[in-house]
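Chemist: Listed here are the chains, written in short residue letters.
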Amino acid sequence: MTRALLTGNAAAAWGARLSGVDYVPAFPITPQTEIIETLACWIDNGEMPGRLVTLDSEHSMITAAGAAAATGVRVFSATSSQGLLYAMEMLYTVAGWRAPFVLINVSRGLASPITLESDHNDIMAARDSGFLQIHCATCQEVLDSTLLAYRLGEDARVRLPVIVNLDGFYLSFTREPVEIPEAEQGSRFAGTFDPENMRFRATTPESQAVAVLGGSPYSYFRYEIHLAAENALTVYDELAAEFAGAFGRDYPAVEAYRTEDAEYILVMLGSFATKAQGAVDRLRDAGWSIGLLRPRLLRPFPAATLQRLLAGKKGVAVIDQNLSMGRGGVLHTELLAALYGQAHAPPVVASFIGGLGGRDISAEEFYEMADALRRATDEGRTPPPRLLYTRDEIREMRKLQAVAHVEREELNERR
Amino acid sequence: MYRIRFHGRGGQGMKTASRILGNAFFGEGFEVQDAPRYGAERRGAPIFAYVRAAREAIDERGIITRPDLVIVADDTLVPEPASGVLAGVDEHTVLLINTMESANVWRHRLNISGPVITLPASADVEDRAELPYIGATCAGAGARLVGVIGRETLADAIRLELAEHGAGVIERNQENALEAYDRMEEHAGTVTESGATSAVDYERPEWAELPFEAARISAPTIYAAANSVEVRTGLWRTLRPVIDHERCNRCWWVCSTFCPDGVIAVGDDGSPSIDYDHCKGCMICVAMCPPHAIEAVPEQEAQHAGTAGEAP
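Those protein sequences? They're chains A and B, same order as listed. Residues 243 to 657 (my numbering) are what the first sequence spells out, left to right. Residues 39 to 350 (my numbering) are what the second sequence spells out, left to right.
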């Protein structure tokens, strides 16, 4: 085992390499491109077997990935943001084929206005596609989750494609120490894909593009995908235990940090959760009784685990790095649905929206969220959703608007 | 935890510098996080990169707001607010500037109370082709300032980062970086670690409500045509083309036609002038001019000497 500094993108490429990937359909997009560049380099110089093909779009890329997976080979691909959205039609389609493969999504905010920086609206848009979703907080987790994702998606009880999500910039371009397992260790865990009877061959033609009319067969096929996704909760727990045994790293479906005796709980996804972890430590130093829950699985949603871990807590703050227009934070909504009607559910579940389009969340803001949560529980009243946006940011925005106005006048005068 | 920020321009090797310093800390047994930060990547534009190093696992992420050390590879960036060189700099922060001017000049100019150290690396650069080594040089100086990185570890860190570029490039970078390392001897250990922000006594963020505003205001729309003239792309320039009007033969078309940004205007007498607000310094005009009447002058030098006598 080697411990080296790797970016999240390099860690994703290592995950694919150690999983013995056969086929990589690829299309570049910032901040993901380094992943396919790394794989292309390894395949080109013979360090890694397999075949990488550049496609004409993400739509074609996912079609190729699903088609290749249906033949029983191991497939890897990667995208981000607008690319994931461009592939959206085929995400739903290939999940319906029940063709398992691993897709990395490097989270990046969506247009308009266009940005390159990170938030979770892209991955949330794929929430209902039938792909399972694993959300990572560190570069190590990206590598490890890729290995796990193959086993999870390929399991006969599941047979669904899996997205492994990492945050753009904050993980994709950030190097951290990562333990890279030996090739033999990796392949021992990843094993080989046994597609059983699902194995498309040119000599025995099948059709994946089935049409059904009448809602009854349609309901059957769609609900079967849902049941398979729900099975993934049990399968995931088994695999995480096996992974911990093999590598000594523990990845429960919901990571619980200092929650056991905590009265207040922060809940969030992704790499900013390590910042929340630091904030929990500082708040504990200051006498707070607080902890952090980080769901690693968003689909399937680990509702029962969250219900158990949150039972009896005084207050919960959900920090969403996404925004569902006209509703608010997606994770907040999902958590409320899981908690409703549960005995001992926390009386206050507050919603915070932050970190959109790469906006940072400072340590002070974590402390302030904890404070707002305590005030709300003291009053016994859930506060309205709060966008993390400061007076200084509004002033800065006003300044930009003023500059835009002046420039417009200036340009108009020139004409 | 050590929190270090490198500032430079795209192409000056700031990402490489952060990775070399990251490797060096890692080689000394530290936990490390390093990353470059840029927008739409382009040569010459201000970029920065950062390194965190600590004895325990690092849970912070993103841009360093309270740096222990700021390293500036290109001093033309310091007065440029958009480059954010001075963001979060306080009396604890050590500022290391690659400059020909003295530390005192910078201390007065910037009115800062913390230590300022200068690294006159550019003075040694006679050949412009040597400039790409500035990243390793800055990393070498930084390694000495923190005082916890050995000379050998630094050399190994460079070898690891530049492995794919071959022995020649590695040796040249090592030579420059180690020279900077040695030059910083008297300042070894000046940079010290700082702790995390306390949850007891902290500056409370002033959150505010965003008001609803009509789409005419709140949609990301640009209501003016041909507005790119407002973006001073001249700030990205590291080399400045300077016309020698004595030598110019008034051909009236070569430089202005080949300029990819359309920033060379030709007067009625056939003599060209360059719009330095928007010239990005690609040097195509220098290469194309038949009588070799355009010279490439380092931007730093041009600004100090006021060579062209024109903005910026």
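If you're looking for bench data, these hints aren't it; they were derived computationally from the structure. Virtual Cβ for every residue (Gly too), placed ideally from N, Cα, C. Wrong hints could be hidden among the right ones.
Reference excerpt, derived from the structure (chain A facing chain B, CB under 10 angstroms, subset only) [claimed, not checked]:
hint, residue
1, 245
2, 440
3, 444
4, 656
Chemist: What are the numbers of the hints the structure violates, in ascending order?
Modeler: Failing hints, ascending: 2, 3.
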